[in-house]
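All the letters of the sequence shown, read from the start, carry residue numbers 1 to 304 under UniProt numbering.
For the record, the hints were derived by calculation from the structure and aren't laboratory data.
Ideal placement from N, C-alpha and C gives every residue a C-beta, glycine not left out.
Hints may be right or wrong, so weigh each one.
Capping the alpha-carbon separation at 20 angstroms, the derived lysine to any residue pairs in SDA-like fashion look like this [said to hold, decoys possible]:
id, residue 1, residue 2
1, K110, A191
2, K110, V126
3, K110, R216
4, K110, G120
5, K110, V249
6, K110, E161
7, K110, A240
8, K110, P213
9, K110, D125
10, K110, T165
11, K110, T82
12, K110, G281
13, K110, S62
14, K110, R277
15, K110, A123
16, K110, T160
17, K110, L252
18, K110, V122
19, K110, L192
20, K110, E236
21, K110, V96
22, K110, R136
23, K110, D49
24, K110, A121
25, K110, G94
Quick list of simulated restraints, FRET-style, between CB atoms [what the hints assert, rightly or not]:
id, residue 1, residue 2, range
26, P119, I27, 44 to 54 angstroms
27, S33, D76, 52 to 62 angstroms
28, T206, D245, 22 to 32 angstroms
29, A116, R34, 53 to 63 angstroms
30, L72, T190, 38 to 48 angstroms
31, T156, P119, 47 to 57 angstroms
32, D49, T206, 43 to 53 angstroms
33, R199, G120, 14 to 24 angstroms
34, Q223, P119, 20 to 30 angstroms
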Amino acid sequence: METRELRYFIAVAEELHFGRAAERLGIAQPPLSRAIQQLERRLGVALLDRNSRAVTLTEAGSVLLREGQAALDAVDAADRRTRRAALATTGHPGLVLVTKAGASGDLLPKLLDAYAAEPGAVAVDVLLCGPGEQERLLRDGRADVALLHRPFDSTTGFDTEELCTEEQVVILPAGHPLTSRAHLRMADVTALPGLPMPRWPGPDGTYPDGPGPQVRDQAQLLQLIALGRASAVLPESCRAHLRGDLATVPVLDAPTVTTVIAWPPHSRSRALAGLVRAATGAATRVTGPSSGATVLGTGRGTDR
Numbered sequence: 001m002e003t004r005e006l007r008y009f010i011a012v013a014e015e016l017h018f019g020r021a022a023e024r025l026g027i028a029q030p031p032l033s034r035a036i037q038q039l040e041r042r043l044g045v046a047l048l049d050r051n052s053r054a055v056t057l058t059e060a061g062s063v064l065l066r067e068g069q070a071a072l073d074a075v076d077a078a079d080r081r082t083r084r085a086a087l088a089t090t091g092h093p094g095l096v097l098v099t100k101a102g103a104s105g106d107l108l109p110k111l112l113d114a115y116a117a118e119p120g121a122v123a124v125d126v127l128l129c130g131p132g133e134q135e136r137l138l139r140d141g142r143a144d145v146a147l148l149h150r151p152f153d154s155t156t157g158f159d160t161e162e163l164c165t166e167e168q169v170v171i172l173p174a175g176h177p178l179t180s181r182a183h184l185r186m187a188d189v190t191a192l193p194g195l196p197m198p199r200w201p202g203p204d205g206t207y208p209d210g211p212g213p214q215v216r217d218q219a220q221l222l223q224l225i226a227l228g229r230a231s232a233v234l235p236e237s238c239r240a241h242l243r244g245d246l247a248t249v250p251v252l253d254a255p256t257v258t259t260v261i262a263w264p265p266h267s268r269s270r271a272l273a274g275l276v277r278a279a280t281g282a283a284t285r286v287t288g289p290s291s292g293a294t295v296l297g298t299g300r301g302t303d304r
């Protein structure tokens, strides 16, 4: 299959209308129809059911839509990484590391400092993003490496090195009656009157239904908590950078959060291997008996 054919098919499969798909692609409808028919003949299967009223996907078409999207994402990612690698030969080498804004506050600067001290270290551009965006940016080639947080981020398809795991705390306005408690449970947190949990945007940019406020970043969230409009459950490392008008209480039954460094499995970058080694070493130095976090990384790095 050609990438052009895949792009044509995906446009039709997503629009379920040849006219709209042709307009989206900027081509006439007849050559689009011929390209889809040629693809079906080559594969020997029907991808679309067509009648006078509608276009629908067959089971085979649904599979090709899913697999084709992944294939084109991989092609686009290869394009971006190839162009970035070419910069290394023209005097502009570098890595792009993506992480969620406000996360890994202690680990990130130590990681960058540790890597900068490595022989042959290259420049590292840090890309800060919203919740859940790190995975997408790593998959589509706009980043070389990411700090992800399980169980919230998926690491499927990536090579990873676990750095640390930590418990979670609830952040409340300072002076709230529950801040005097030694610990809470999730049932206590979800039942807090007037302090609903926030709603973060999904991958498509839309917010789920619910009573909590819509938030875009951690700075906005902390401001809402200080105003008595929300509460939030976050990894306990957040405590190091909280303002004086906020307080935390451990949440006993909240899931632990594991920070991992992740990269594409086919990467053979020596610079990336050095960054992974630096990350595992930095995690060892950042976490300790007083932090409540447990170091998980092996520190062995990778040759990928």
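Consistency of the hints with the structure:
no. : hint                            : verdict
1   : K110 - A191                     : 38 angstroms, violated
2   : K110 - V126                     : 13 angstroms, holds
3   : K110 - R216                     : 26 angstroms, violated
4   : K110 - G120                     : 18 angstroms, holds
5   : K110 - V249                     : 26 angstroms, violated
6   : K110 - E161                     : 17 angstroms, holds
7   : K110 - A240                     : 15 angstroms, holds
8   : K110 - P213                     : 33 angstroms, violated
9   : K110 - D125                     : 15 angstroms, holds
10  : K110 - T165                     : 17 angstroms, holds
11  : K110 - T82                      : 29 angstroms, violated
12  : K110 - G281                     : 9 angstroms, holds
13  : K110 - S62                      : 45 angstroms, violated
14  : K110 - R277                     : 12 angstroms, holds
15  : K110 - A123                     : 15 angstroms, holds
16  : K110 - T160                     : 19 angstroms, holds
17  : K110 - L252                     : 29 angstroms, violated
18  : K110 - V122                     : 16 angstroms, holds
19  : K110 - L192                     : 36 angstroms, violated
20  : K110 - E236                     : 18 angstroms, holds
21  : K110 - V96                      : 17 angstroms, holds
22  : K110 - R136                     : 25 angstroms, violated
23  : K110 - D49                      : 56 angstroms, violated
24  : K110 - A121                     : 15 angstroms, holds
25  : K110 - G94                      : 18 angstroms, holds
26  : P119 - I27: 44 to 54 angstroms  : 52 angstroms, holds
27  : S33 - D76: 52 to 62 angstroms   : 26 angstroms, violated
28  : T206 - D245: 22 to 32 angstroms : 31 angstroms, holds
29  : A116 - R34: 53 to 63 angstroms  : 55 angstroms, holds
30  : L72 - T190: 38 to 48 angstroms  : 40 angstroms, holds
31  : T156 - P119: 47 to 57 angstroms : 33 angstroms, violated
32  : D49 - T206: 43 to 53 angstroms  : 29 angstroms, violated
33  : R199 - G120: 14 to 24 angstroms : 44 angstroms, violated
34  : Q223 - P119: 20 to 30 angstroms : 43 angstroms, violated
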